Amino acid sequence: MSKPDELLVDIAYLVESGQSNQMSLTVVTGGAVITGRLAPEAVWRQRVSEVLTDSAHLGEFAGIFTASTRKDGPPTHLHFHVARILQGAVGIPETGGMYRVSIEDVSAWTVGDFSYH
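First residue of the sequence shown? That's 5 in our numbering, and the numbers climb one at a time after it.
Be a bit skeptical, because a hint or two may be false.
[To be verified] Each pair of labels, with its calculated beta carbon distance range:
| # | residue 1 | residue 2 | range |
| --- | --- | --- | --- |
| 1 | T70 | E10 | 26 to 32 Å |
| 2 | A60 | G22 | 34 to 40 Å |
| 3 | I89 | L18 | 21 to 27 Å |
| 4 | T70 | G101 | 17 to 23 Å |
Honestly, the hints are just simulated from the structure, not real lab data.
Computed from a prediction, not measured in an experiment: that's the story for all the values here.
Backbone N, C-alpha and C fix where the C-beta goes; we use that ideal spot for every residue, glycine too.
Using the sequences and the hints, build the whole thing.
Below, the structure is given as structure tokens:
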């Protein structure tokens, strides 16, 4: 999207301001379909940092994700957790992953996530 969808920005803002992780969303971005729940950026960064800290090879990157995220203006990214990239009838990864998507790169979206059982 050359101009981010205002409604999608409003959803991201409510997730950020309410610190909620219950909003399910499915987006199309760069030809991929991502479905899952949104998380506030601070919560998402903390979880990524925890995963990296637990890694024998990637622990040194954990600190990057704990840096301050306070910015002026509307949200610019969606932060998915427990999310999957849909590929046919399968969701990748099976257990759910963590994705950061630029709002301006979303070409289509819908409220709710898709089930792939």
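Now the hints, each set against the structure:
no.	hint	result
1	T70 x E10: 26 to 32 Å	holds, 31 Å
2	A60 x G22: 34 to 40 Å	holds, 36 Å
3	I89 x L18: 21 to 27 Å	holds, 24 Å
4	T70 x G101: 17 to 23 Å	holds, 20 Å
Comparing the model with each earlier hint shows no violations; every hint is respected.
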